[in-house]
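Let the sequences and hints guide you as you build the complete structure.
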Amino acid sequence: MKVQRRRFLQTVAMAPAVSAAAPQRAAAPPAASAPKLTNALPDEDAQTTPRFFTAAQFAALRRLGALFMPPRKGRPGALDAGAPEFVDFLVSVSAAERQQLYRHGLDTFNARAHSQFGKPFAELDDKQADTILRPLIVTIAWVLDRPTDPLEHFVAQVHDDMRTATVNSEEFAQAMAAINAGRRGRSSGVDIFIKPIDPVYRG
Amino acid sequence: MLQKEHDVLIVGSGHAGGMAAKVLTEKGLSCLILEAGPEMDYQKDRVTKSAHELPYRGFDKPGRLPHVIQANEFNANQWVDEKEVPYTHPPDAWANWVRVRLVGGRSHFWARQSFRLSDFEFKPSQLDGGVDWPFGLSEVAPYYSRVEAIFKVSGRKEGWPQFPDGDFVETNYPPDSGTIRKFTEVCNQRGIGVSKMRASQGQNGLASSINLLLPDALATGKLDIVSNAIVRQLRVDKNTGLVNGAYFVDRHSSREMEVKAKVVVLAAGSLESTRLLLNSGLANSSGLVGRYLVDQLYGVSVVASVPEARDGKAPAGLMGGTALVPRFRNLKKNEGHNFIKGYCINVSSGGSASPHFFATYGEELEQKLESYAGSCVTGSIYAERLARYENFVRINKDVVDAWGIPVIHMEYRNSQNEYNLAKDAADTIEDLFRGCGWDILSKSDRSFPPGRSIHEMGTCRMGDDPKTSVLNRWNQSHDIKNLFVVDAAGFVTCGWQNPTMTILALSMRASEHLADLIRQGAV
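The listed protein sequences derive, respectively, from chains A and B. Each residue of the first sequence is one higher than the last, beginning at 46 in the working numbering. Each residue of the second sequence is one higher than the last, beginning at 22 in the working numbering.
I should point out that these hints are in silico values taken from the structure, not numbers from a laboratory. Remember, it's a predicted structure, so these values are computed and weren't measured experimentally. Check the hints yourself; a few may be wrong.
To be verified - Quick list of simulated restraints, FRET-style, between CB atoms: (1) A:Thr184 to B:Ala114: 43 to 53 Å; (2) A:Ser160 to B:Lys82: 34 to 44 Å; (3) A:Val138 to B:Phe189: 42 to 52 Å.
Claimed, not checked - Here are some chain B residues pointing at chain A (derived, C-beta under 10 Å): (4) Ser71; (5) Ala72; (6) Glu105; (7) Pro107; (8) Thr109; (9) Pro111; (10) Leu123; (11) Gly320; (12) Gly372; (13) Asp460.
Cβ coordinates follow ideal geometry from the N, Cα and C atoms, glycine included.
Following this line, the structure appears as structure tokens:
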């Protein structure tokens, strides 16, 4: 028994550190360091392809983005920040409930625009759009509350999503950097990001 | 085989487990910590980024952490993945369970608010009802003092029985702003005391098990910490009924392992410690393991705007700063409210208005937001939820986590007392703000779902009677004398105060008692 164990240990000691299937050629020793290359963010060179909403829904979404987040005082608006395109992506990866909220909301805006003005919501002027939009905006006192009416809920949700997608955009960050140039302190939207910590490899 | 048999196995490495390890190793006992999570490397695992650099532009992946209100795309990786370790609750009883699995546990991320409980919490039966703890403040006070010395707690002494003073480090609060002075004056006119936040300073902005407790324990040479070790079940000696170790699974490989120890100390966080007892079928002759789940109610929002601070015209020193109003309700019998217990008010000056406070949009809204920016004062509360038998956790045998361990099922609801209390708080804060001459922008008596405070307590409550409690006055199981639970599972009531100082003080107290018992050969 003892002998067998010793033989086993010898076998282990002589075995290569990696399996036999690995290349026999000795690998070059790893470099001690390598240059850190600057990577561009995708939004610097590309734009999101909207693919979730229909063309009619997406046109209404863009119009809502422009109404909720107009450009002002050197800061980009929702359209400059690619917010509608980003929201299309975000809703496409969201729960069915939110997808339905958006589709129903955008379809209803278009339906009301057609019935009241004979054209889609995207083609209404500001005054016409206001007659449809303003009655659906309600105040919310508690941060987690949302209106029970699905259209009011939709409007509150679009507003939140457009605002966040705009102020968290690269375009907005660059504009704020220019506005705040020379001022001390960390710009808003900057924080410590925690990477995945020792994640389990699941194959 | 290299396997050692330790004197004490400690499950969990947060504040409770870290304190147990420090006390026991410094008394010469050999300890092993099993920690379910990995170690976080502050240099490699953290990096500064802008929201636009994140894959979901700061929204995070939709649906990733539905029970973690605190989660955002920056910190999402620090919380336990709900798909990996799920739990269940009835659809009508949404309750949050916010967990961290790391060496050091949640002690990395706590807000460092550092309060003592008072005899209003330890001995409630005399005043407005509830079950008493098996001891009062005078018993715990010496341990609070020693914990405060380790954690370097700042605070202002007040001499109020409902807000016991600690042994504070010298604290230089900046002068109160004009709004905080005004608020204090109006509160005082109504007989309500206003104090300052009390907070652990720790070292270099960190007041954690990983820098204040575990290094001392490791320095004794008596502690091994095994990370990524997910304890499945406790190990029991069939002849004596005592626990003698644990079975665990390696987080990365799912390799099943076991360790031996003479004593087991659970410090996994209230609900994980309770889950382990229930999955092991141990220490439950009372039938109360899992019962009397409690945490603080966080909620109520009253936002006022200070007229002279609008349109960017606030004079220097008017806005900014915070105030803490410790519990002031039901400090005397028969105050005539439609609720028992109380709440503290947190006031913060210098904030801005939410877009949802105004029923408008576009340029008109932006102008309002600009006008109100920096002019707002907000009030919210931490309140004591009642410890009730009906609020509980049990094991859901039909659902297992990623390592095949049956999960927690939680049933946790507010009682009418909480709703009545929150309504009183919203009305009271509104009245105080109006008394200051400020305009109310928004008022809500709503609260976050139970569990939002990340302060879950109870489910193995302490007491002198084994029929009505799970642990004795030393955090020791009534049923199994070499089994201790030193986290907040032993709490009888929760108070409105952040529980960390009490967890630390009671873990210190229980661990010193345990060391005495081991020396006497009594366990």
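Now the hints, each set against the structure:
1. A:Thr184 to B:Ala114: 43 to 53 Å: At roughly 28 Å between Cβ atoms, Ala114 (chain B) and Thr184 (chain A) fall outside 43 to 53 Å, so the hint is violated.
2. A:Ser160 to B:Lys82: 34 to 44 Å: Check passed, 38 Å falls within 34 to 44 Å.
3. A:Val138 to B:Phe189: 42 to 52 Å: 49 Å, holds
4. Ser71: 5 Å, holds
5. Ala72: Constraint on Ala72 (chain B) satisfied, holds at 4 Å.
6. Glu105: 8 Å, holds
7. Pro107: 16 Å, violated
8. Thr109: 18 Å, violated
9. Pro111: Hint on Pro111 (chain B): violated, closest Cβ of chain A at ~19 Å, above 10 Å.
10. Leu123: 7 Å, holds
11. Gly320: 8 Å, holds
12. Gly372: 13 Å, violated
13. Asp460: 15 Å, violated
Taken one by one, the earlier hints fail for this structure at numbers 1, 7, 8, 9, 12 and 13, listed in ascending order.
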